[in-house]
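Construct the complete structure from the given sequences, taking the supplied hints into account.
Protein sequences appear in the order of chains A and B. Residues 84 to 400 in our numbering are what the first sequence lists, from first letter to last. Residues 84 to 400 in our numbering are what the second sequence lists, from first letter to last.
Read the hints as simulated data drawn from the structure, not as lab findings. Fair warning: this is a prediction, and the values are worked out from it, not measured in the lab. Keep in mind that a hint or two might mislead.
Chain copies aren't distinguished; within one or between two, either way the pair holds.
Stated by the list, open to error - Derived pair list, reagent style SDA-like, types lysine to any residue, alpha-carbon separation capped at 20 Å:
| hint | residue 1 | residue 2 |
| --- | --- | --- |
| 1 | Lys110 | Leu153 |
| 2 | Lys269 | Leu106 |
| 3 | Lys305 | Met375 |
Protein chains: 2
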Amino acid sequence: MHRLIREHFAPEFALEGLGDSALISLKSGRLAYTTDSYVVSPIFFPGGNIGELSVYGTVNDLAVAGAMPLYLTAGFIIEEGFLLEDLKAIVSSMAGAARRAGVKIIAGDTKVVNRGKADGIFINTSGIGVMMDGLEPSPLGIKAGDAVIVSGQIGRHGIAVMAERNGITFDPPVLSDTAPLNGLVKTMAEAAKGIRFMRDPTRGGLATTLKEAALESGKCMKIKGSSIPLDPRIRGACGLLGLDPLYVANEGLLVAIVEANEAGDLLEAMKNHPLGKDAALIGAVEDGPEGMVLLETSIGGRRILDMLEGEQLPRIC
Amino acid sequence: MHRLIREHFAPEFALEGLGDSALISLKSGRLAYTTDSYVVSPIFFPGGNIGELSVYGTVNDLAVAGAMPLYLTAGFIIEEGFLLEDLKAIVSSMAGAARRAGVKIIAGDTKVVNRGKADGIFINTSGIGVMMDGLEPSPLGIKAGDAVIVSGQIGRHGIAVMAERNGITFDPPVLSDTAPLNGLVKTMAEAAKGIRFMRDPTRGGLATTLKEAALESGKCMKIKGSSIPLDPRIRGACGLLGLDPLYVANEGLLVAIVEANEAGDLLEAMKNHPLGKDAALIGAVEDGPEGMVLLETSIGGRRILDMLEGEQLPRIC
Chain A
84 MHRLIREHFA PEFALEGLGD SALISLKSGR LAYTTDSYVV SPIFFPGGNI
134 GELSVYGTVN DLAVAGAMPL YLTAGFIIEE GFLLEDLKAI VSSMAGAARR
184 AGVKIIAGDT KVVNRGKADG IFINTSGIGV MMDGLEPSPL GIKAGDAVIV
234 SGQIGRHGIA VMAERNGITF DPPVLSDTAP LNGLVKTMAE AAKGIRFMRD
284 PTRGGLATTL KEAALESGKC MKIKGSSIPL DPRIRGACGL LGLDPLYVAN
334 EGLLVAIVEA NEAGDLLEAM KNHPLGKDAA LIGAVEDGPE GMVLLETSIG
384 GRRILDMLEG EQLPRIC
Chain B
84 MHRLIREHFA PEFALEGLGD SALISLKSGR LAYTTDSYVV SPIFFPGGNI
134 GELSVYGTVN DLAVAGAMPL YLTAGFIIEE GFLLEDLKAI VSSMAGAARR
184 AGVKIIAGDT KVVNRGKADG IFINTSGIGV MMDGLEPSPL GIKAGDAVIV
234 SGQIGRHGIA VMAERNGITF DPPVLSDTAP LNGLVKTMAE AAKGIRFMRD
284 PTRGGLATTL KEAALESGKC MKIKGSSIPL DPRIRGACGL LGLDPLYVAN
334 EGLLVAIVEA NEAGDLLEAM KNHPLGKDAA LIGAVEDGPE GMVLLETSIG
384 GRRILDMLEG EQLPRIC
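Okay, here's the thing in structure tokens:
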């Protein structure tokens, strides 16, 4: 264990010595703090792997809370016999992801369990970030008339993983959208003061995040299906796999709810950022029916979107 | 998942809504930050369970770093089919442990994996704490002549778990020493200004922690075997199980290295605290041989203590 940490983890991360706690100094006293465990299967998928996913996922949780992510911890649970090469690849891609996101992984832990008692590798990350000035998104701030925006194409991560799991290949391949959203959020915060709410639609997809926003705000989300950015290949793959793209996980996407008169400026700023180039206005907030998400389908029908019951895609992240 | 969190986790913990990040405000800017995953088997053992262990373990990492622990996150990886009653018992004991340690569990995450892909439940916790004034223990501060102190009986956690695993019972039972050390550390910091180093000898036991202190400081730890607090029942159990008590895990114990002229005051203060009543001076720091731990055995021999190679007790925490 000591050798593993010394030789493979310490050089890649910013671990401070081999003590258990890292010391940090922060200017501001307002912090966001979060954690997530990653159990994605397979651990390597088109466009990413469990390592960078575990960095970006936690970075994104902080970013959509309105915080600039600064420090991460990483806890590994490794099944005996797991290939050292795979571990090295994962750790190295975590280090690269941390660099790209501008965060430091400053504390870690590794536990090994017997063969058959885990599935390769599970990673937990936690993260802290400093709240950005003027940004404190909360579902309680959502008001009737607000605009609902999504930052890009939906369904890419889930389809990339499910295709890999089922041995389906696309040409060109469908890649996971796994990416750090903190740069996009910073751009957004500079472009608009009236951002009420942000969340990244991971497990459960866009529909689940919209339903959470509706329930937590007590408002109604009225969504126009034809406005939701959806790559025809993703649509086709969903048909093939029997999945609803609205419920498929994303890992580099966010939903933002913003004051209507700022929606134009915000969208323009988002479209100028590489991770927001397909951003779109997809609907509006109404007062009621409370807690509901109403989808206007492309053929003019209306569908009520509910939270996903059970897991459409187990171990997607 | 939503129901699980809403019904069982949110009422027990201090989760702030169901968003992913928790917001915290801190007065001081100097923080300690740590993480640990817990994979102990069995998950219930005499004197504790994986839940309180996951709280106290992280609390203790912060405490021995010289920080007052404040906030924790908890990430659960649960095997499908895991008993809801067991989950409730674990969550409830985490909540109790957090109360006793004076910390808040403010963010959490749950992932479920298929049957056979994990072993019941794994828990990761991370924690942040504010550095206590005048306390910044570091192996680099260790000097020749310093006193080496251990806070209590060694080997209790490891033996409690191993006995349970092997179906051995003691009458009265040997209980794990799992406990939060932050109160003891606070008492210690008030009693002595010259605390150079603290660490909790968990995996790898007392010998491994002493070896780490020797290696990281470049000094020699000269230890008197007969001074190490060791319950005869633990000694007997170790004989029975073929274990060396010096390498058996502890979960409510710390090693402190302190300026020699403060050792008396520090020991007295420790003995007045319930978790330090068996505290003992077990040796002294010498300049060399560098990085060595020399144990003077009770029959007058000398033994070199090395780090544990491999795991004497896999999945002990």
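Going through the hints against the structure:
{"no.": "1", "hint": "Lys110 x Leu153", "result": "both (12 Å within a copy, 18 Å between copies)"}
{"no.": "2", "hint": "Lys269 x Leu106", "result": "between (26 Å within a copy, 18 Å between copies)"}
{"no.": "3", "hint": "Lys305 x Met375", "result": "within (8 Å within a copy, 69 Å between copies)"}
Violated hints are absent here; each numbered hint is respected by the structure.
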